[in-house]
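Let's have the full structure, built from the sequences with the hints guiding it.
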Amino acid sequence: MIGDIATTGPTAPPRRNGELVFDAPWEGRAFGLTVALLEREGLGWDAFRPHLVRAIEADPDHTYYEQLAVALDAFVAERGLL
Amino acid sequence: MSDDHHHHPRTQSPIEQRVHALEELLVDKGIVTHEMIDEFVARYEDDIGPLNGARVVARAWTDPDYRDRLLADGTAAIAELGYGGPEGDHMIVVENTDEVHNLVVCTLCSCYPWPVLGLPPDWYKSAPYRSRAVREPRALLAEMGCDLPDEVEVRVWDSSAEARYLVLPQRPAGTDALGEDELAALVTRDAMIGVAR
Numbered sequence: 001m002i003g004d005i006a007t008t009g010p011t012a013p014p015r016r017n018g019e020l021v022f023d024a025p026w027e028g029r030a031f032g033l034t035v036a037l038l039e040r041e042g043l044g045w046d047a048f049r050p051h052l053v054r055a056i057e058a059d060p061d062h063t064y065y066e067q068l069a070v071a072l073d074a075f076v077a078e079r080g081l082l
Numbered sequence: 001m002s003d004d005h006h007h008h009p010r011t012q013s014p015i016e017q018r019v020h021a022l023e024e025l026l027v028d029k030g031i032v033t034h035e036m037i038d039e040f041v042a043r044y045e046d047d048i049g050p051l052n053g054a055r056v057v058a059r060a061w062t063d064p065d066y067r068d069r070l071l072a073d074g075t076a077a078i079a080e081l082g083y084g085g086p087e088g089d090h091m092i093v094v095e096n097t098d099e100v101h102n103l104v105v106c107t108l109c110s111c112y113p114w115p116v117l118g119l120p121p122d123w124y125k126s127a128p129y130r131s132r133a134v135r136e137p138r139a140l141l142a143e144m145g146c147d148l149p150d151e152v153e154v155r156v157w158d159s160s161a162e163a164r165y166l167v168l169p170q171r172p173a174g175t176d177a178l179g180e181d182e183l184a185a186l187v188t189r190d191a192m193i194g195v196a197r
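If you read the sequences in order, they're chains A and B.
Letter 14 of the first sequence, counting from 1, is numbered 14 in this note's numbering, and no numbers are missing.
Letter 155 of the second sequence, counting from 1, is numbered 155 in this note's numbering, and no numbers are missing.
Fair warning: there could be bad hints in the mix.
[To be verified] Not everything, but these chain B residues come out facing chain A in the computed CB check (under 8 Å):
no.	residue
1	15
2	16
3	37
In short, the hints are calculated from the structure, not lab data.
All C-beta atoms, glycine included, are put in the ideal place defined by N, C-alpha and C.
Next comes the structure, spelled out in structure tokens:
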């Protein structure tokens with residue numbers, strides 16, 4: 001399931017010494033929500049990555065989890081979940 | 001994990017509000033539950049990695065040759081089971097015995113062998129743990145529920161990017177009949193860091 005999360009490149013969640021780094025609780029919630037939705041939809045990280053790439057390209061100066069939150073909105077819209 | 005993170009009495013940033021609102025909407029629609037999200041965060045933090053380490057320990061408990069290879073070259077023996085990667089290099093495995101208890105810390109930052117142990121617990125990164133593990137390991141261990149007899153020597157290992165330590169705990173008594181999978185289920189993350197027996 002979530003074993004295919006990117007570990008390198010711009011779409012990989014930030015790590016420090018290999019650890020996923022959440023600087024605030026909401027970042028962990030955003031990550032957990034993303035993984036929960038992918039799991040529910042039977043999809044892997046690959047299904048989410050294009051949204052993340054677009055969000056990163058749109059606002060390259062934002063933090064990773066700000067970009068992830070934008071990508072998550074786009075993913076939810078694409079899947080018609082709301 | 002508490003459910004405090006569902007409630008935010010303090011001021012939220014716009015992005016935080018947005019994520020919170022999205023979670024609430026998806027929960028209201030029955031798409032996900034708060035508990036599912038808790039579970040995924042916890043799973044990623046606590047289970048996925050430690051399970052790899054537990055399999056390494058269980059193999060060492062059941063295969064003496066593997067144990068020898070593991071203690072001689074941790075990185076290579078762990079790679080035999082398919083675990084490794086940039087943060088799994090330079091693995092050194094230290095074995096608990098009746099006479100010696102090993103404790104792992106990273107005094108500098110929070111170096112941690114995530115391919116085998118997953119994400120480090122919050123306390124591992126805390127300043128009190130990092131300093132007290134060196135200064136007063138016995139008192140620290142006792143507070144964490146790990147009481148050691150006086151005659152057991154405590155060895156503290158300082159992890160870094162060049163050397164990441166994993167504790168090989170002692171196999172519990174009365175587990176002779178258990179297979180490798182059952183043994184792996186007994187191995188905890190804390191035991192592999194050395195804050196539990």
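Here is what the structure says about each hint:
1. 15: 5 Å, holds
2. 16: Since the shortest Cβ distance to chain A is 4 Å, the answer is holds.
3. 37: With a closest approach of 4 Å, the residue 37 of chain B hint holds.
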